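Number of protein chains: 2
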Amino acid sequence: MRWIHFSEPADRPAAAADRPTRYGILDDDDRIHAVRGTPWMAGGGEKTGQVHRLAEVKIEVPLVPRTFYAAGLNYVKHIHEYAAKTGTAVNIPEQADIGYRAVNALVAHEEDVVIPSDARQVEYEGEVVAVIGRQARNLSPAEAMGCVFGYTIGNDVSERLWQKSDRTFWRAKNTDTFKPMGPWIETEFDIDRAETTVRVNGAVTTHFRSGEMLFDMPTFISRMSRYLTLHPGDVIWMGTDGKSPNIVAGDVVEVEITGLGILRNRFVAETR
Amino acid sequence: MRWIHFSEPADRPAAAADRPTRYGILDDDDRIHAVRGTPWMAGGGEKTGQVHRLAEVKIEVPLVPRTFYAAGLNYVKHIHEYAAKTGTAVNIPEQADIGYRAVNALVAHEEDVVIPSDARQVEYEGEVVAVIGRQARNLSPAEAMGCVFGYTIGNDVSERLWQKSDRTFWRAKNTDTFKPMGPWIETEFDIDRAETTVRVNGAVTTHFRSGEMLFDMPTFISRMSRYLTLHPGDVIWMGTDGKSPNIVAGDVVEVEITGLGILRNRFVAETR
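Protein chains in written order, with the working numbering: chain A, 1 to 272; chain B, 273 to 544.
These are computed hints drawn from the structure, not numbers from a lab.
Only a predicted model underlies this, so the values are computations on that prediction, with no experimental measurement involved.
For each residue, glycine too, the CB sits at the ideal point set by N, CA and C.
Don't take each hint at face value.
Derived coverage of chain A by chain B (criterion: at least 3 residues anywhere in the stretch with Cβ under 8 Å from a Cβ of chain B; other residues may be distant) [to be verified]:
hint	segment
1	65-76
2	160-172
Anything over 10 Å on all C-beta distances counts as not near chain B; from chain A, calculated [claimed, not checked]:
hint	residue
3	Ser7
4	Thr206
5	Asp216
6	Val248
So here's chain A without its partners, still in its complex pose:
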């Protein structure tokens, strides 16, 4: 089932933060069946009877996470390529240590990614995102996937020079608009059959098997839950493989993952 977070153009005031939004079920005929509340929260998910056409709504970020987790380095080829590009040592993680991203940077499918005027090397990272649907602590790997509500796509946009020069990833990874997520949440997903394809201006630039991770989702979730409580509305971005060309203003980047859809964003120059 596909859960979409949307607003109607007629509803939208100038300030995006105040925009009334709601969830709906997206059917195979591109109709949205609106529901009450938030599907993975108590009392959410009941159909209101309202139906919209996908083409007539604005797609919103699927959710603003409570905690925004990110695996970071989690595909072997990407680790080698990152080391070669930045002139740093190859650093294959020995254990599943989760990292963090920040919600200020989120944008929806079809919203622009703004490249700051002093950014020099901007790259994409196409990622599988797990959305947590129920509170969880001390899960075994076998139990881990039971707390996942569904899956979406993330583009972990990164400025590689800041990633190398700064003590943390704050602006390299979390500059406003650097975290496209969407287009919707799919509850059925077979990661072992999925492929991630990234296109820049329509041409394929990266292609890999989505499930060939160093540490898979059950490993990450089980290990995280040994020390911390996962909450409904948390997300976990699972990392990326391959490499990205330098993305410049005017480029359109599409991340497609089998079964999850296409996340598409145009990159534009900052105007100050």
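Fit chain B to the supplied structure of chain A, relying on the hints for placement.
The following block gives chain B in isolation, referenced to the frame of chain A:
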């Protein structure tokens, strides 16, 4: 003015997450004047007429931040002591690069910090916390403090062996209960006259001038706002000075900052 976030014992169901909470103004006679909504949000802060006694309520975490920022290394003495203790190089940051912590780890004044059974070296870090009250982008250092609603106290509890061994700070800093914050939010605060004192079981173990930071709050906020939007309800933990003894189960740690009050938490052993 002191804003306190509280619940009444009679209101509390078993699950802490579902506990009804509200804000109030704490006066000099330890009375709480309850208000509607959230003081720094639209429509919040109007008195309801209800008055409670401080001794009769449960103090809650002042807020669950939207984004939980932390300066990390921001006092020179602490940087030297951390390097000596961990056997790593002295690393004085050259620029104000903000980091992140996670909301799962928050606990309130007087709530317990639970030491995991496999933790070996647990330390406190007493910190000034700035609470953001309005949306902000591209602030100059002179403008920066205008987006701050008030201040509270944080204890950035850390497991130093994990901090050294792991690729990120995820469990070293963000294990459940490792982030005491409180006891309330004070809107008037003169950091240049403030001192931070930490006591373990009543004996002073750390004492430093709160304002002797490597990068002060206007510097951090201005630099952050060049790349990211600050939002009402974000918090920024400003780092710590000095060193901490190894904290063990049974210890009570108090962080006192001039004008902000005392944040007190007992450390207990995990029971699994």
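Structure-based check of each hint:
1. Proximity of the segment 65-76 of chain A to chain B, defined as three or more residues with a beta carbon under 8 Å from a beta carbon of that chain, is established by the 4 residues found.
2. Coverage of the segment 160-172 of chain A by chain B holds. Counting CB-CB distances below 8 Å, 5 residues qualify, and the rule asks for three or more.
3. Once the 10 Å rule is applied to beta carbons, serine 7(A) is consistent with being away from chain B; the minimum gap is 19 Å.
4. At roughly 23 Å, the least C-beta separation between threonine 206(A) and chain B is larger than 10 Å, which holds for a residue marked as non-interface.
5. At the 10 Å boundary, the C-beta of aspartate 216(A) stays outside the reach of chain B, the nearest C-beta of that chain being 17 Å off.
6. Every beta carbon of chain B lies more than 10 Å from that of valine 248(A), the smallest distance being close to 18 Å; the non-interface claim holds.
When each numbered hint is compared with the structure, no violation occurs for any of them.
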